[in-house]
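Reminder that position 282 of the first sequence reads as 282 in the numbering used here, one-by-one numbering, no gaps.
These aren't lab readings, by the way, just hints derived from the structure by calculation. Beta carbons are placed, not taken as given, at the ideal position from N, Cα and C, and that holds for glycine. Each hint should be verified, as a subset may be incorrect.
[What the hints assert, rightly or not] Subject to a maximum C-alpha distance of 16 Å in a straight line, what follows is the list of computed EDC-like cross-link-like pairs (lysine to aspartate or glutamate):
| id | residue 1 | residue 2 |
| --- | --- | --- |
| 1 | Lys-158 | Asp-191 |
| 2 | Lys-409 | Glu-363 |
| 3 | Lys-367 | Glu-410 |
[Unchecked claim] Here are the in silico distance ranges between beta carbons for each label pair:
| id | residue 1 | residue 2 | range |
| --- | --- | --- | --- |
| 4 | Thr-56 | Lys-337 | 23 to 33 Å |
| 5 | Lys-409 | Lys-13 | 38 to 48 Å |
| 6 | Asn-436 | Ala-334 | 12 to 22 Å |
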Amino acid sequence: MSLKIYNSYTRQKELFEPITPGHVGMYVCGPTVSGESHLGHARPYITFDVVYRYLTHKGLKVRYVRNITDAGHFEEEGREAEDKVSKKAILEKLEPMELVQKYTNLFHWAMLEFNNVEPSIEPTATGHIVEQIEMIKKIMDAGYAYEKSGSVYFDVKKYAATHDYGKLSGRVIDDLLETTRELEGQEEKRDRADFALWKSAAPEHIMRWVSPWGEGFPGWHIECSAMATKYLGAEFDIHGGGMDLQFPHHESEIAQSTICNHHAPVKYWMHNNMITINGKKMGKSYNNVIKLTEMFSGNHPLLTQAFHPMVVRLFILQSHYRSPLDFGSEALVASEKALKRLWDAYEVLKTFSQAGNAAMDSELDTKVLKMVNEFEEFMDDDFSTAKVLANMFELSSVINSIKDGHVKKEALSAATLSLLQQQFAVYLEDIFGLKNISSGNSDTFKGVMELLIDIRKESKLKKDYITSDKIRNQLTALGIAVKDEKDGTVSWDVN
RNA sequence: GGUUCUGUGGCCGAGUGGCUAGGCAGAGCUCUGCAAAAGCUCGUACAGCAGUUCGAAUCUGCUCGGAACCUCCA
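Produce the complete structure using the sequences and hints provided.
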């Protein structure tokens, strides 16, 4: 295993060594299902889907846990406690759980569209209230939390005295304690930096549970700690999420779990960067979100057209997950064409039969071999999907050259060709999770197309170009491209 | 204000000391009845200034942009 992962906690690439050989525990922060997912949300789920697929490809047995946050949290700390879920439920005249169900379903639909593998376990916050209460009790027993008016707060100052609070997010504890910002409702806390583990519910709160401290609901960060501990243990391998969750969410998770389990919870922290629009992070508060439903339908002022989920997937994989990625219709269009190019070459590659044993063009053979072997090398280097794709595009040129006869198939050795075919399929489909997006794959449709192409071929032989062009032009108008190949065959595809 | 990150050709993006990814768009050529597709070739980019070095997009400093977090947030 020579996989290197950039660990946000240590700020460097580290050799990945599973805690339990052969097994990997991975936790990824899932969606808050009080609203629709947008393009920005797609990034972590696609990124970590590829991480999951790659680890599995490496022969590791991965337990992938991704939560559903279906219990409302605060709109803003210290302010009038507004349960996000219950608030919107009233506006939309829906039961809270009805709303949660609706957006959960929509989320699952989007994940399916993206061809994301389902997590091993997808626990809900509301389904783990008991575990969360138990965890809070342990933290209180350890002396790192205190109760005030039915709410429970984590004592950050005390924790920071003996632990490195702020290491993950690069925060300085003294700065946190001296925030000048004035917020209401802070008086319950002993210190500004303290965060809620349990919050007492105001009478208007619909979502509420009985606890040792009265009726209320869990704090912002405890659910992930509780569920990760339950399903992955006191220490697990990978915790993923967006960079914006580093503080306070993940920092607090570390503190809670460390006190409760007497061990730092995570070995490798992974954070994906943001998707931006005109350089600004896509987010509710910026009012610049493009929902996934809008993305797929093209129904948004910033979109020039609809974009297939696979196009979005490729778009995301063409950059490194730790770099910001700027959205633009033009960039998506480029990805759409790139996907077609890649897939066309892949289809051609699949049709190649074995050539001679020895490579006629050893230089090319070596080059191809190198590029194919780099797939793994690049992925092992902190999941450099963009570099693997770059190689695939270069290989596409080679494949097309062979198809067009510019390069003889015998240029490559049988072993190289076979490896190329195999690895292309593995990386494109199994690891990157990409799929063909052209429609018209039914047998009936193919039969009709064969008939038309046959008729056209006959008219061409008779030099009846009026008929042959009529067929091609009308098919083109229908969005079906007909291409006369070098070898006399005719290919077509639907866009 | 504090902390951290970042600035690459028309657009999106790899790239961390020498070997100038890749995709899209653009130009030319080849193939073709024409077309489409494909192949080949081309533009020769690294915010600015100064420094380190035989050599910097890549390291250091400064200047100017931009961003994230510090409050729910992927």
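Verification of the supplied hints:
1. Lys-158 / Asp-191: Roughly 10 Å between the alpha carbons, so the hint for Lys-158 and Asp-191 holds.
2. Lys-409 / Glu-363: Satisfied, since the Cα-Cα distance of roughly 14 Å is no more than 16 Å.
3. Lys-367 / Glu-410: holds, 15 Å
4. Thr-56 / Lys-337: 23 to 33 Å: Since Thr-56 and Lys-337 have Cβ atoms about 30 Å apart, the given range 23 to 33 Å holds.
5. Lys-409 / Lys-13: 38 to 48 Å: At 40 Å between Cβs, range holds.
6. Asn-436 / Ala-334: 12 to 22 Å: holds, 19 Å
Against the hints set out earlier in the document, no violation occurs for any number.
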